[in-house]
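Engineer: Those sequence lines, one after another, are chains A and B.
If you're matching positions, the first sequence starts at 1 in the working numbering and goes up one per residue.
If you're matching positions, the second sequence starts at 1 in the working numbering and goes up one per residue.
Honestly, the hints are just simulated from the structure, not real lab data.
Just so it is clear, the structure is predicted and the values come from calculations on it, not from any experiment.
Among the clues, some could well be false.
What the hints assert, rightly or not - Pairs of lysine to aspartate or glutamate residues, derived as DMTMM-like cross-links and limited to a Cα-Cα distance of at most 20 Å, are as follows:
#: 1; chain 1: A; residue 1: Lys87; chain 2: B; residue 2: Asp36
#: 2; chain 1: B; residue 1: Lys102; chain 2: B; residue 2: Glu179
#: 3; chain 1: B; residue 1: Lys2; chain 2: A; residue 2: Glu65
#: 4; chain 1: B; residue 1: Lys102; chain 2: B; residue 2: Asp54
#: 5; chain 1: B; residue 1: Lys176; chain 2: B; residue 2: Glu144
#: 6; chain 1: B; residue 1: Lys32; chain 2: B; residue 2: Glu114
#: 7; chain 1: A; residue 1: Lys218; chain 2: A; residue 2: Asp5
#: 8; chain 1: A; residue 1: Lys212; chain 2: A; residue 2: Asp5
#: 9; chain 1: B; residue 1: Lys75; chain 2: B; residue 2: Glu41
#: 10; chain 1: A; residue 1: Lys219; chain 2: A; residue 2: Asp83
#: 11; chain 1: B; residue 1: Lys176; chain 2: B; residue 2: Glu57
#: 12; chain 1: B; residue 1: Lys75; chain 2: B; residue 2: Asp54
#: 13; chain 1: B; residue 1: Lys5; chain 2: A; residue 2: Glu65
#: 14; chain 1: A; residue 1: Lys87; chain 2: B; residue 2: Glu41
#: 15; chain 1: B; residue 1: Lys75; chain 2: B; residue 2: Asp104
#: 16; chain 1: B; residue 1: Lys32; chain 2: A; residue 2: Asp83
#: 17; chain 1: B; residue 1: Lys42; chain 2: B; residue 2: Asp54
#: 18; chain 1: A; residue 1: Lys87; chain 2: B; residue 2: Glu114
#: 19; chain 1: B; residue 1: Lys176; chain 2: B; residue 2: Glu58
#: 20; chain 1: B; residue 1: Lys42; chain 2: A; residue 2: Asp83
#: 21; chain 1: A; residue 1: Lys219; chain 2: A; residue 2: Asp5
Stated by the list, open to error - Listed next, the stretches of chain B that the computed footprint assigns to chain A, with coverage defined by at least 3 CB atoms under 8 Å from CB atoms of chain A:
#: 22; region: 6-13
#: 23; region: 29-42
#: 24; region: 109-119
Yeah, the Cβ is synthetic: ideal placement off N, Cα and C, and Gly gets one too.
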Amino acid sequence: MRIQDQFRDGLITNNPITVQQIGMCATMAITTSLFNGVGMGLSVLIILTCCNVVVSAVRKIIPNEIRLAIFVVIIAGFVTIVDLLLKAYIPALSESLGVFIPLIVVNCIIIGRAEAFSQKNDVKASFFDGVFQGLGYTMILVIMCVIRELLGSGRFGGGLIDVAKGFRFTLDGTGGGIQIFPSDFGASILTLPFGGFLTLGVVIATMQYFLKKSAKQKKAAEEAAAEAARLAAEQEED
Amino acid sequence: MKDNKIVQLALVLFAVCAVVAGVLGVVYNITKPTIDRRAMEKTTAAFAAVLQADSYEEVKISGYSLDQSINSVYKDADGSGYVVESTFSGAQGNITMVVGVKSDYTCSGISITEHSETSGLGAVAASPSEAGVAFREQFIGVGEGVTVKDIDALAGATITSTAVTNAVSTSITTVKTIEGGAAA
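For reference, chain A alone in the conformation it holds in the complex (with noise of 0.2 Å):
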C-alpha cells in the first residue's frame, strides 16, 4: 500500500468520521472550542499511532482467540499515559477534555484500526496509518470547532488564540479567541449538544457530496476512455 493512497484514505475516501463513521460520541461533545478540537485530535492522533504500531508489532504472537482483550489492555496502557502526561505537563487541556480523554479507551477509531488495519499490515504501513486517519480525525474536529464556535458565539480560535495583548497562541486555555462578530448575534443551540449533532451531519452529508460526485466523475471519465478505447478499435477494424 503506497503512503499517498493511505494519506486520501486517512483524510477523505476513508476518513474515520465521515465514511467510517466511528468515534462519533467525543466529536460532538468536545468540538466547542478550537483548544478542545486540536487537543483532542492530537491526544487521538498519538494514541492512535503508538497503538497500531504496537498491535502491529506483535500480531504474529498473539494468539488469535484473545487478540481483543490484549488490543484493549494496549489501548488502555497509551490512554493513561497521555492522561497523565497531559495532567501534568498541559493541565488546562486536561480540564477543559474531562473525561473525554480516559473515554479514549474505548474510542472506536483506535480498536477499529487495531482489528481493521494494524493487525493485518506491517509497522510502517500502521505508522502511517495511524498518523493520517488521527490527522484525518483532526481536520474534521477542526471544522466542526470552527462552524460551531463562529456561528454559535461569533468567534474563531477560542482557548487557542489570544488577541487581548497582541496576537499569540496560549496553550493555558485562557485565550479569548478571535471576536468576529458579537456574541450576541450567535444562534448559541450551536454549542449545545444539539448543534453538534447538527452540524455533524450537515460535514458528513457535504463531504459525501463531494466524494459521490468525485467517484462518479472518475467512472464517467473511465466510461469515455473506454468508449474512445472502442472506437478506435472498430475505426482499425474498418
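With chain A fixed as given, assemble chain B onto it according to the hints.
Structural biologist: Leaving out everything else, chain B in the frame of chain A:
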C-alpha cells in the same frame, strides 16, 4: 491438549498485562510529583482567590456534625472568615469547590477545584473564560439560602449551576453552625 491451550492463553494475556502495568508504573512515578505540585498550587490559589488571608487553619469538628457534602473547613487566622471545601454531585460527576465565607455570613468568592462536567457547557463554571468568571463572580455577596433562581444559571447546564448554588448555600450554613457551636 485443550487445557494446555487455555493455560497458554492465560499466560500470554498475563504477560501483556504485566508489561503494560510496568510501563504505567514508570510513567505514573515520573508524572506524580508534577501532578501533586499542580494540585497543591491549585488549592492554594483557590483559597487565596476566595478569601485573602496570610494563613489558614483547619477547623476541627467535634460534638456536632456537618452536612455530608462538606469535606473540610479552614478558618482564616485573622478571623475575617472561613474557607469551606465541599463536594456536590453535578451533571457528570462530583464537583469539588471551595467557598469563601466572610464573618457576616456572605460569600466572598468561589473556586471550583475539581469537576468532570461537559466541556463547553457545565465546564464553563470552572473555566477561566469570560463567561466562567462572570458566573462565579455573581456569587460574591450572596447570603444563606441562595437558590439557582437568584443567579444567572449557565445555559445548558442547569444541574451544574444548581450544584454550585447549593454548595454556596450549604457552606454558609456550615459556617453558621460552626460559629454557633463554638459559642455554645
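Engineer: Determine for every hint whether it applies to the structure shown.
Structural biologist: Checked hints:
1. Of the supplied pair hints, the one linking Lys87/A and Asp36/B holds, its CA atoms being roughly 10 Å apart against a limit of 20 Å.
2. Proximity of Lys102/B to Glu179/B is assessed by CA-CA distance (about 12 Å); at most 20 Å being required, the pair is judged to hold.
3. Restraint check for Lys2/B and Glu65/A: satisfied, since their Cα atoms lie roughly 13 Å apart, inside the 20 Å limit.
4. Between Lys102/B and Asp54/B the CA atoms are separated by roughly 15 Å; this keeps the pair inside 20 Å, and the hint holds.
5. Taking the CA atoms of Lys176/B and Glu144/B, the gap is about 9 Å. The hint holds against a cut of 20 Å.
6. About 17 Å separates the Cα atoms of Lys32/B and Glu114/B, which keeps this hinted pair within 20 Å; it holds.
7. The suggested pairing of Lys218/A with Asp5/A holds, with an alpha-carbon distance near 16 Å, which does not exceed 20 Å.
8. At most 20 Å may separate the alpha-carbon atoms for a hinted pair to count; Lys212/A and Asp5/A meet this at roughly 18 Å.
9. For the given pair, Lys75/B sits about 19 Å from Glu41/B by alpha-carbon distance, which is consistent with the 20 Å threshold.
10. For the hint pairing Lys219/A with Asp83/A, the CA-to-CA distance comes to about 46 Å; that exceeds 20 Å, so the pair is violated.
11. The suggested pairing of Lys176/B with Glu57/B holds, with an alpha-carbon distance near 17 Å, which does not exceed 20 Å.
12. This hinted pair checks out: Lys75/B and Asp54/B have alpha carbons roughly 11 Å apart, not beyond 20 Å.
13. Proximity of Lys5/B to Glu65/A is assessed by CA-CA distance (about 10 Å); at most 20 Å being required, the pair is judged to hold.
14. For the suggested pair Lys87/A and Glu41/B, the alpha carbons sit about 14 Å apart, so the restraint of at most 20 Å is met.
15. With a C-alpha separation of about 14 Å, the suggested pairing of Lys75/B with Asp104/B holds against the 20 Å cut-off.
16. Among the hinted pairs, Lys32/B with Asp83/A is consistent with the structure: their alpha-carbon atoms are about 12 Å apart, no more than 20 Å.
17. With a C-alpha separation of about 16 Å, the suggested pair Lys42/B and Asp54/B falls inside the 20 Å cut-off, and the hint holds.
18. The suggested pairing of Lys87/A with Glu114/B holds, with an alpha-carbon distance near 12 Å, which does not exceed 20 Å.
19. A distance of roughly 16 Å separates the Cα atoms of Lys176/B and Glu58/B; the hinted pair therefore holds under the 20 Å criterion.
20. For a cut-off of 20 Å, the pair hint linking Lys42/B to Asp83/A stands: about 18 Å separates their Cα positions.
21. Our distance criterion of 20 Å between C-alpha atoms is met by Lys219/A and Asp5/A, whose separation comes to about 19 Å.
22. Beta-carbon proximity to chain A at under 8 Å applies to 4 residues in the region 6-13 of chain B; the threshold of 3 is reached and the given coverage holds.
23. For the region 29-42 of chain B, the stated coverage by chain A is satisfied: 4 residues place a CB nearer than 8 Å to a CB of that chain, which reaches the threshold of 3.
24. Counting residues of the region 109-119 of chain B whose CB falls under 8 Å from any CB of chain A gives 5; the rule of at least 3 is met.
The structure fails to meet hint 10 from the earlier list, while all remaining hints are met.
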